[in-house]
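Engineer: Sequences listed follow chains X and F, in order.
For what it's worth, my numbering labels the leading residue of the first sequence as 1, then goes sequentially.
For what it's worth, my numbering labels the leading residue of the second sequence as 175, then goes sequentially.
Hints are computed from structural coordinates only; laboratory data are not their basis.
Using N, Cα and C, we set each Cβ at its ideal position, and we do this for glycine too.
Treat the hints with care, since some could be wrong.
To be verified - Taking beta-carbon pairs under 10 angstroms as the criterion, some of the chain F residues facing chain X (in silico):
| # | residue |
| --- | --- |
| 1 | F181 |
| 2 | L200 |
| 3 | Q223 |
| 4 | V232 |
| 5 | T237 |
| 6 | D239 |
| 7 | V242 |
| 8 | K302 |
| 9 | D309 |
| 10 | P350 |
| 11 | F360 |
| 12 | T364 |
To be verified - Pairs of lysine-lysine, PhoX-like flavour, derived with a Cα cap of 20 angstroms:
| # | chain 1 | residue 1 | chain 2 | residue 2 |
| --- | --- | --- | --- | --- |
| 13 | X | K153 | X | K95 |
| 14 | X | K105 | F | K302 |
| 15 | X | K104 | F | K302 |
| 16 | X | K153 | X | K96 |
| 17 | F | K312 | F | K378 |
| 18 | F | K312 | X | K104 |
| 19 | F | K312 | F | K324 |
| 20 | X | K88 | F | K312 |
| 21 | X | K152 | X | K96 |
| 22 | F | K312 | F | K302 |
| 23 | F | K312 | X | K95 |
| 24 | X | K105 | X | K95 |
| 25 | X | K95 | X | K152 |
| 26 | F | K378 | X | K88 |
| 27 | X | K105 | X | K153 |
| 28 | F | K302 | F | K324 |
| 29 | X | K104 | X | K153 |
| 30 | F | K324 | X | K96 |
| 31 | X | K95 | F | K324 |
| 32 | X | K105 | F | K324 |
| 33 | X | K88 | F | K250 |
| 34 | X | K65 | F | K221 |
| 35 | X | K105 | X | K152 |
| 36 | F | K312 | X | K105 |
| 37 | F | K250 | F | K378 |
| 38 | X | K81 | F | K250 |
| 39 | F | K312 | X | K96 |
| 40 | X | K152 | X | K104 |
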Amino acid sequence: MSEINLLPQDLSPARQGLRLAAFLKKVSYIILGIFLFAGTLGVIYVVYLRVQINFSVSRQQTLTKNISDLETTEQKLFLTKDRTSKLKTILADTKKDNSYNDIKKILANLPGDVIPYSLEIDSNRTQFAVLSRNSVSMAEFLNSIVVSGEYKKLTLVSFVFTPDRGYLITLGGS
Amino acid sequence: MDNRNLFYSVGILLGVVLFAVFGTKLITDNVSSLNDQLAQNRDSESKLQAKLNSLSEVSSLVTTDSQVAIDALPEKNPVLSVLSNIRSSAASFGLTLNNVSSGEIVTGSSGAGLSSSEIIFETDGDYKNLTSLIDIIKSTSPVTIFDSIKVTSQSSLGGDTYRFVGHLFTYWASLPTTIPSVTQSFEGLTDEEQQILTRISALKPPPVGVSLIPSSSSAQLPNSNRSDPFSL
Numbered sequence: 001m002s003e004i005n006l007l008p009q010d011l012s013p014a015r016q017g018l019r020l021a022a023f024l025k026k027v028s029y030i031i032l033g034i035f036l037f038a039g040t041l042g043v044i045y046v047v048y049l050r051v052q053i054n055f056s057v058s059r060q061q062t063l064t065k066n067i068s069d070l071e072t073t074e075q076k077l078f079l080t081k082d083r084t085s086k087l088k089t090i091l092a093d094t095k096k097d098n099s100y101n102d103i104k105k106i107l108a109n110l111p112g113d114v115i116p117y118s119l120e121i122d123s124n125r126t127q128f129a130v131l132s133r134n135s136v137s138m139a140e141f142l143n144s145i146v147v148s149g150e151y152k153k154l155t156l157v158s159f160v161f162t163p164d165r166g167y168l169i170t171l172g173g174s
Numbered sequence: 175m176d177n178r179n180l181f182y183s184v185g186i187l188l189g190v191v192l193f194a195v196f197g198t199k200l201i202t203d204n205v206s207s208l209n210d211q212l213a214q215n216r217d218s219e220s221k222l223q224a225k226l227n228s229l230s231e232v233s234s235l236v237t238t239d240s241q242v243a244i245d246a247l248p249e250k251n252p253v254l255s256v257l258s259n260i261r262s263s264a265a266s267f268g269l270t271l272n273n274v275s276s277g278e279i280v281t282g283s284s285g286a287g288l289s290s291s292e293i294i295f296e297t298d299g300d301y302k303n304l305t306s307l308i309d310i311i312k313s314t315s316p317v318t319i320f321d322s323i324k325v326t327s328q329s330s331l332g333g334d335t336y337r338f339v340g341h342l343f344t345y346w347a348s349l350p351t352t353i354p355s356v357t358q359s360f361e362g363l364t365d366e367e368q369q370i371l372t373r374i375s376a377l378k379p380p381p382v383g384v385s386l387i388p389s390s391s392s393a394q395l396p397n398s399n400r401s402d403p404f405s406l
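Working from the sequences, and respecting the hints, build out all of it.
Structural biologist: Quick look at the structure:
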């Protein structure tokens with residue numbers, strides 16, 4: 001007795017296998033298509049990047065050449081920078097310089113009969129002395145120092161009066 | 175036959191998927207690496223452009239500036255030039271130098287490659303001339319720093335004659351032997367260095383004007399293909 005298949009041919013296991021195979025092929029073609037499309041874009045982008053890099057390298061070569069043409073300028077600027085950075089160390093301590101300028105300013109504007117007697121500036125001290133026969137002038141001088149405001153602190157180191165030379169005042173600044 | 179078709183389709187799908195995965199990875203790796211390379215190139219390019227712009231801007235001023243800087247801090251010990259300047263300035267005020275001595279040379283004392291030597295001298299004259307002499311010494315290149323200034327009246331009663339004893343330091347420093355490579359980014363003067371430059375620009379040039387900037391050299395620098403511009 002022969003076997004009879006009563007199921008519709010569409011539903012037979014063989015047909016399902018064929019349909020699945022066809023579906024997988026379709027999926028494969030879709031994936032391949034997407035990949036080829038994206039891949040083509042990717043390759044175009046890679047070429048674009050390479051062209052940009054080549055342009056950039058070319059521009060760098062031009063700039064390097066132009067900079068080389070200004071090499072003398074660069075050397076001089078480098079030398080200036082080297083010297084100024086070293087001079088910065090030398091000129092950093094302005095204390096003595098300022099002291100000298102302050103005292104010079106004070107002694108340049110002495111009242112008539114007050115004369116400079118001594119001036120001493122070194123690492124340890126800053127002091128100067130003035131001499132006058134006239135106590136009023138000396139008072140005027142002291143007042144002018146206060147008014148000038150050159151010194152925040154002045155120390156009276158000595159105040160000496162002798163009949164032959166008058167008043168000798170020694171002041172120390174800081 | 176159906177099974178073979180199915181296996182064949184699965185095989186194709188797997189092949190396509192693997193091809194797509196590896197292909198995508200290859201392209202993205204390439205793109206990523208090229209992007210990095212392009213970014214680096216553009217960075218170098220912008221640094222070079224900035225350097226070129228800066229150099230073009232300063233080009234006209236730099237010759238004067240470098241001369242001023244080398245006058246202020248020469249390469250060789252300037253003690254003779256300073257002494258000569260002091261002597262001639264003193265003479266212009268009718269002053270004569272006495273007890274002139276050049277003291278100990280201190281090399282590299284400040285840790286900045288600087289060397290210094292000490293000059294001590296004394297002179298007698300009226301107070302105004304002595305302070306003028308001090309001002310001239312302070313305002314002439316090369317840079318000198320007074321370590322001590324002592325002006326004392328020569329009469330106990332005070333009078334016209336004063337004695338000035340000056341104790342000053344003069345400085346020098348060897349020239350740089352290396353310069354940055356062409357591709358290295360350019361650093362201009364800092365504000366502080368610009369201030370120093372302004373300050374030393376106000377100094378009078380030394381009496382004997384000899385350019386201390388060497389013009390050329392064939393010596394090769396150790397870390398650069400550029401010749402040492404400062405080598406004598």
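Engineer: Indicate, hint by hint, whether the structure satisfies it.
Structural biologist: These are the hints, each one checked on the structure:
Taken as an interface hint, F/F181 checks out: its beta carbon lies about 8 angstroms from the nearest beta carbon of chain X, inside 10 angstroms. For F/L200, the suggested interface contact is upheld, since its CB lies about 9 angstroms from the closest CB of chain X, less than 10 angstroms. Hint on F/Q223 holds. Least Cβ distance to chain X is approximately 6 angstroms, under the 10 angstroms limit. A distance limit of 10 angstroms between C-beta atoms decides the matter here; for F/V232 the minimum to chain X is near 6 angstroms, and the interface restraint holds.
Look at F/T237: its Cβ gets to within about 6 angstroms of chain X, closer than 10 angstroms, so that hint holds up. Evaluation of the F/D239 hint against chain X yields a held restraint, the C-beta minimum of about 5 angstroms falling below 10 angstroms. This hint holds: F/V242 has a C-beta 8 angstroms from the nearest C-beta of chain X, less than the 10 angstroms allowed. For F/K302, the interface hint holds, the least distance from its beta-carbon to any beta-carbon of chain X being 9 angstroms, beneath 10 angstroms.
Restraint check, F/D309 versus chain X: the minimum CB separation of about 8 angstroms is within 10 angstroms; hint holds. Look at F/P350: its Cβ gets to within about 5 angstroms of chain X, closer than 10 angstroms, so that hint holds up. Residue-level restraint check for F/F360 holds (minimum Cβ-Cβ distance to chain X is 7 angstroms; threshold 10 angstroms). Hint status for F/T364 relative to chain X: holds, with the closest Cβ pair at about 8 angstroms, below 10 angstroms.
Straight-line distance between C-alpha atoms of X/K153 and X/K95 comes to about 15 angstroms, which keeps the hinted pair within the 20 angstroms bound. With a CA separation close to 12 angstroms, the supplied pair X/K105 and F/K302 stays within the 20 angstroms bound. For a cut-off of 20 angstroms, the pair hint linking X/K104 to F/K302 stands: about 10 angstroms separates their Cα positions. For the proposed pair X/K153 and X/K96, the alpha carbon gap of about 16 angstroms is at most 20 angstroms, so the pair holds.
Of the pairs offered as hints, the one joining F/K312 and F/K378 holds, with about 10 angstroms between alpha carbons and a cut-off of 20 angstroms not exceeded. With a CA separation close to 13 angstroms, the supplied pair F/K312 and X/K104 stays within the 20 angstroms bound. A hinted pair counts as satisfied when its Cα atoms are at most 20 angstroms apart, and F/K312 with F/K324 qualifies at roughly 15 angstroms. With a C-alpha separation of about 16 angstroms, the suggested pairing of X/K88 with F/K312 holds against the 20 angstroms cut-off.
A hinted pair counts as satisfied when its Cα atoms are at most 20 angstroms apart, and X/K152 with X/K96 qualifies at roughly 16 angstroms. Taking the CA atoms of F/K312 and F/K302, the gap is about 15 angstroms. The hint holds against a cut of 20 angstroms. For the hint pairing F/K312 with X/K95, the CA-to-CA distance comes to about 14 angstroms; that is within 20 angstroms, so the pair holds. For the suggested pair X/K105 and X/K95, the alpha carbons sit about 15 angstroms apart, so the restraint of at most 20 angstroms is met.
About 14 angstroms separates the Cα atoms of X/K95 and X/K152, which keeps this hinted pair within 20 angstroms; it holds. Between F/K378 and X/K88, the direct Cα distance comes to roughly 19 angstroms. Compliance with the 20 angstroms bound is thereby established for this hinted pair. At most 20 angstroms may separate the alpha-carbon atoms for a hinted pair to count; X/K105 and X/K153 meet this at roughly 16 angstroms. With a C-alpha separation of about 14 angstroms, the suggested pairing of F/K302 with F/K324 holds against the 20 angstroms cut-off.
A distance of roughly 17 angstroms separates the Cα atoms of X/K104 and X/K153; the hinted pair therefore holds under the 20 angstroms criterion. Taking the CA atoms of F/K324 and X/K96, the gap is near 12 angstroms; set against the 20 angstroms cutoff, the hint holds. A distance of roughly 16 angstroms separates the Cα atoms of X/K95 and F/K324; the hinted pair therefore holds under the 20 angstroms criterion. Taking the CA atoms of X/K105 and F/K324, the gap is about 16 angstroms. The hint holds against a cut of 20 angstroms.
The suggested pairing of X/K88 with F/K250 holds, with an alpha-carbon distance near 19 angstroms, which does not exceed 20 angstroms. A C-alpha spacing of about 14 angstroms is found between X/K65 and F/K221, which places the hinted pair at or below 20 angstroms, so the restraint holds. Distance check on the hinted pair: X/K105 and X/K152 sit about 15 angstroms apart at the alpha-carbon level, within 20 angstroms; holds. Taken as a hint, the F/K312 and X/K105 pair is honoured in the structure, with Cα atoms around 16 angstroms apart against an allowance of 20 angstroms.
The hinted pair formed by F/K250 and F/K378 meets the criterion: a straight-line CA distance of about 19 angstroms does not exceed 20 angstroms. Proposed proximity of X/K81 and F/K250 is supported: the alpha carbons are some 18 angstroms apart, at most 20 angstroms. A C-alpha spacing of about 12 angstroms is found between F/K312 and X/K96, which places the hinted pair at or below 20 angstroms, so the restraint holds. For the hint pairing X/K152 with X/K104, the CA-to-CA distance comes to about 16 angstroms; that is within 20 angstroms, so the pair holds.
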